[in-house]
Amino acid sequence: MHSDLADALLRAAEKVYGTVEGVDVLSNEGLSREDLEQAISRRVADWREGGLVLTDFWGGSCHICGVAAARGHGDVVVVTGINLPLLLDYLHNRDEYGPMALADRLIRKGRDSIRLHHGQTA
Amino acid sequence: MSWLLQRVDDRLIHGQIVVAWGQRLHPERIWVVDDAAAGSAWERDLMSSAAPDVDVQVVTIAAMTAAWAAEEEAPGGAFLLVRDLKSALALVESGATITRLNLGGLHYAPGKSKVNEYIYLDDADRAHARALLARGVALEVQDVPGAVARSLTALDPASAPA
Numbered sequence: 016m017h018s019d020l021a022d023a024l025l026r027a028a029e030k031v032y033g034t035v036e037g038v039d040v041l042s043n044e045g046l047s048r049e050d051l052e053q054a055i056s057r058r059v060a061d062w063r064e065g066g067l068v069l070t071d072f073w074g075g076s077c078h079i080c081g082v083a084a085a086r087g088h089g090d091v092v093v094v095t096g097i098n099l100p101l102l103l104d105y106l107h108n109r110d111e112y113g114p115m116a117l118a119d120r121l122i123r124k125g126r127d128s129i130r131l132h133h134g135q136t137a
Numbered sequence: 091m092s093w094l095l096q097r098v099d100d101r102l103i104h105g106q107i108v109v110a111w112g113q114r115l116h117p118e119r120i121w122v123v124d125d126a127a128a129g130s131a132w133e134r135d136l137m138s139s140a141a142p143d144v145d146v147q148v149v150t151i152a153a154m155t156a157a158w159a160a161e162e163e164a165p166g167g168a169f170l171l172v173r174d175l176k177s178a179l180a181l182v183e184s185g186a187t188i189t190r191l192n193l194g195g196l197h198y199a200p201g202k203s204k205v206n207e208y209i210y211l212d213d214a215d216r217a218h219a220r221a222l223l224a225r226g227v228a229l230e231v232q233d234v235p236g237a238v239a240r241s242l243t244a245l246d247p248a249s250a251p252a
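Line by line, the protein sequences are chains A and B. Sequential numbering of the first sequence, starting at 16, is according to this note's numbering. Sequential numbering of the second sequence, starting at 91, is according to this note's numbering.
Take these hints with a grain of salt, some might be off.
[Stated by the list, open to error] Counterexamples of contact, computed for chain A against chain B with all Cβ distances above 10 Å:
hint, residue
1, Ala23
2, Glu49
3, Asp50
4, Arg57
5, Ala83
[What the hints assert, rightly or not] List time: in silico SDA-like cross-link candidates among lysine to any residue, alpha-carbon distance up to 25 Å:
hint, chain 1, residue 1, chain 2, residue 2
6, B, Lys202, A, Ser18
7, B, Lys204, A, Ala54
8, B, Lys204, A, Arg130
9, B, Lys176, B, Lys202
10, B, Lys204, B, Arg216
11, B, Lys176, B, Gln113
12, B, Lys202, A, Glu49
13, A, Lys30, A, Arg130
14, B, Lys204, A, Asn98
15, B, Lys202, A, Asp71
16, A, Lys124, B, Lys204
17, A, Lys30, A, Asn108
18, B, Lys202, A, Ala54
19, B, Lys202, A, Arg57
20, B, Lys176, A, Glu52
21, B, Lys204, A, His17
22, B, Lys204, A, Lys30
23, B, Lys204, A, Glu49
24, B, Lys204, A, Asn108
25, B, Lys204, A, Glu44
26, A, Lys30, A, Ser56
27, B, Lys204, A, Asp39
28, B, Lys202, A, Lys124
29, B, Lys176, B, Ser138
30, A, Lys124, A, Asp39
31, B, Lys202, A, Ser56
32, B, Lys204, A, Asp19
33, B, Lys202, A, Gln53
34, B, Lys202, A, Asp50
35, B, Lys176, A, Gly45
36, B, Lys204, A, Gly45
37, B, Lys176, A, Glu44
38, A, Lys30, A, Asn98
Worth flagging that the hints you see were computed from the coordinates, not collected in a lab. In this text, a Cβ means the ideal position worked out from N, Cα and C, and glycines have one as well.
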């Protein structure tokens with residue numbers, strides 16, 4: 016993700032969820048496309064049962080390099096547009112679903128978490 | 091109307107292009123001029139998917155040269171993206187008229203020295219920069235529209251012609 020968003024999101028999630036293991040954070044800061052793609056590829060190469068690459072926004076370098084790094088790994092799914100509720104849902108459910116079913120769930124949860132509350136008039 | 095932004099960026103299409111420059115300048119077309127990317131259908135699809143609201147063309151330097159005159163006459167504005175200064179020079183040498191080239195991202199690689207946080211150059215890059223300057227191309231370092239554009243030679247005197 017951009018800047019220190021991944022690290023900050025994970026720290027925020029830990030305030031709610033508790034200590035998190037098995038999540039690797041990566042910033043695109045200062046990385047060329049080639050280096051960012053390689054950094055993601057190195058990580059997903061070891062995922063024998065697949066996994067998720069969570070990125071911040073569609074069309075950004077993290078998204079593009081995530082898609083490129085996942086190429087050829089059918090069980091590695093890129094989910095773009097992360098928010099804190101999505102990350103928390105991932106942490107609570109990652110052992111229950113395979114990567115594709117989990118990705119489908121997270122997309123729904125992430126969208127549903129964005130809601131409007133109208134202010135009440137006095 | 092044609093070129094709104096002509097840029098060197100080793101990430102080609104990415105967030106700064108789609109969100110920062112795109113939402114400021116509203117291009118109708120993005121020309122990604124890169125021989126390697128143009129040769130891969132998968133890469134072309136990836137670039138197009140990254141900017142779904144814009145017509146993305148991923149082409150070789152030769153194809154861009156051939157399309158240049160028509161693009162300059164085309165309605166609506168366009169962005170030009172190349173990966174490195176070598177590609178920009180090749181375009182100019184083959185007849186593309188570029189007067190201002192934005193340097194938006196040339197990231198660290200072994201052998202390159204730092205100009206600022208997002209521009210790193212080696213001797214070959216500086217030779218290409220000097221050749222572009224000699225052909226009258228202004229080189230401006232600026233990552234996003236809200237940042238101040240600085241001339242490359244002010245930031246990196248080693249890039250200036252002798």
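To see whether the hints hold, each was checked on the structure:
1. Chain B leaves alanine 23 of chain A outside its interface by the beta-carbon criterion, the shortest separation being 17 Å against a cut-off of 10 Å.
2. At the 10 Å boundary, the C-beta of glutamate 49 of chain A falls inside the reach of chain B, the nearest C-beta of that chain being 7 Å off.
3. At roughly 7 Å, the least C-beta separation between aspartate 50 of chain A and chain B is not larger than 10 Å, which violates its mark as non-interface.
4. With a minimum CB-CB distance of about 17 Å to chain B, arginine 57 of chain A clears the 10 Å threshold, and the non-interface call stands.
5. Listed as outside the interface, alanine 83 of chain A is inconsistent with that label: its C-beta sits roughly 7 Å from the nearest C-beta of chain B, within the 10 Å cut-off.
6. The suggested pairing of lysine 202 of chain B with serine 18 of chain A holds, with an alpha-carbon distance near 22 Å, which does not exceed 25 Å.
7. Under the criterion of a C-alpha separation no larger than 25 Å, the hint pairing lysine 204 of chain B with alanine 54 of chain A is consistent with the structure, at around 21 Å.
8. A hinted pair counts as satisfied when its Cα atoms are at most 25 Å apart, and lysine 204 of chain B with arginine 130 of chain A does not qualify at roughly 44 Å.
9. For a cut-off of 25 Å, the pair hint linking lysine 176 of chain B to lysine 202 of chain B stands: about 15 Å separates their Cα positions.
10. A C-alpha spacing of about 12 Å is found between lysine 204 of chain B and arginine 216 of chain B, which places the hinted pair at or below 25 Å, so the restraint holds.
11. This hinted pair does not check out: lysine 176 of chain B and glutamine 113 of chain B have alpha carbons roughly 28 Å apart, beyond 25 Å.
12. Taking the CA atoms of lysine 202 of chain B and glutamate 49 of chain A, the gap is about 15 Å. The hint holds against a cut of 25 Å.
13. Between the alpha carbons of lysine 30 of chain A and arginine 130 of chain A the distance comes to roughly 22 Å, so the proposed pair stays at or under 25 Å and holds.
14. Restraint check for lysine 204 of chain B and asparagine 98 of chain A: not satisfied, since their Cα atoms lie roughly 34 Å apart, outside the 25 Å limit.
15. This hinted pair does not check out: lysine 202 of chain B and aspartate 71 of chain A have alpha carbons roughly 29 Å apart, beyond 25 Å.
16. Annotation: proposed proximity of lysine 124 of chain A to lysine 204 of chain B is violated, straight-line Cα distance about 43 Å (limit 25 Å).
17. Restraint check: the Cα-Cα separation between lysine 30 of chain A and asparagine 108 of chain A comes to about 17 Å, which is no more than 25 Å; the hinted pair holds.
18. Distance hint between lysine 202 of chain B and alanine 54 of chain A is fulfilled; the C-alpha atoms sit about 19 Å from each other, no more than 25 Å.
19. The straight-line distance between the Cα atoms of lysine 202 of chain B and arginine 57 of chain A is roughly 23 Å, inside the 25 Å bound, and the hint therefore holds.
20. For the given pair, lysine 176 of chain B sits about 22 Å from glutamate 52 of chain A by alpha-carbon distance, which is consistent with the 25 Å threshold.
21. The suggested pairing of lysine 204 of chain B with histidine 17 of chain A holds, with an alpha-carbon distance near 21 Å, which does not exceed 25 Å.
22. Restraint check for lysine 204 of chain B and lysine 30 of chain A: not satisfied, since their Cα atoms lie roughly 38 Å apart, outside the 25 Å limit.
23. For the hint linking lysine 204 of chain B to glutamate 49 of chain A, the alpha-carbon distance of about 18 Å falls within 25 Å, and the restraint holds.
24. The hinted pair formed by lysine 204 of chain B and asparagine 108 of chain A fails the criterion: a straight-line CA distance of about 44 Å is larger than 25 Å.
25. At roughly 14 Å between alpha-carbon atoms, lysine 204 of chain B and glutamate 44 of chain A fall within 25 Å of each other, so this suggested pair holds.
26. Restraint check for lysine 30 of chain A and serine 56 of chain A: not satisfied, since their Cα atoms lie roughly 29 Å apart, outside the 25 Å limit.
27. At roughly 28 Å between alpha-carbon atoms, lysine 204 of chain B and aspartate 39 of chain A are farther apart than 25 Å, so this suggested pair is violated.
28. A hinted pair counts as satisfied when its Cα atoms are at most 25 Å apart, and lysine 202 of chain B with lysine 124 of chain A does not qualify at roughly 44 Å.
29. With a C-alpha separation of about 24 Å, the suggested pairing of lysine 176 of chain B with serine 138 of chain B holds against the 25 Å cut-off.
30. Only pairs whose Cα atoms come within 25 Å are accepted, and lysine 124 of chain A paired with aspartate 39 of chain A is accepted, the gap being roughly 21 Å.
31. This hinted pair checks out: lysine 202 of chain B and serine 56 of chain A have alpha carbons roughly 24 Å apart, not beyond 25 Å.
32. For the suggested pair lysine 204 of chain B and aspartate 19 of chain A, the alpha carbons sit about 22 Å apart, so the restraint of at most 25 Å is met.
33. This hinted pair checks out: lysine 202 of chain B and glutamine 53 of chain A have alpha carbons roughly 19 Å apart, not beyond 25 Å.
34. Distance restraint check for lysine 202 of chain B and aspartate 50 of chain A: the Cα-Cα separation of roughly 14 Å lies within the 25 Å cut-off, and the hinted pair is therefore satisfied.
35. Of the pairs offered as hints, the one joining lysine 176 of chain B and glycine 45 of chain A holds, with about 21 Å between alpha carbons and a cut-off of 25 Å not exceeded.
36. Between the alpha carbons of lysine 204 of chain B and glycine 45 of chain A the distance comes to roughly 11 Å, so the proposed pair stays at or under 25 Å and holds.
37. Simply put, lysine 176 of chain B and glutamate 44 of chain A have alpha-carbon atoms about 24 Å apart, close enough for the 25 Å limit, and the pair holds.
38. Of the supplied pair hints, the one linking lysine 30 of chain A and asparagine 98 of chain A holds, its CA atoms being roughly 15 Å apart against a limit of 25 Å.
Going down the numbered hints, you'll see the structure goes against 2, 3, 5, 8, 11, 14, 15, 16, 22, 24, 26, 27, 28, while the others check out.
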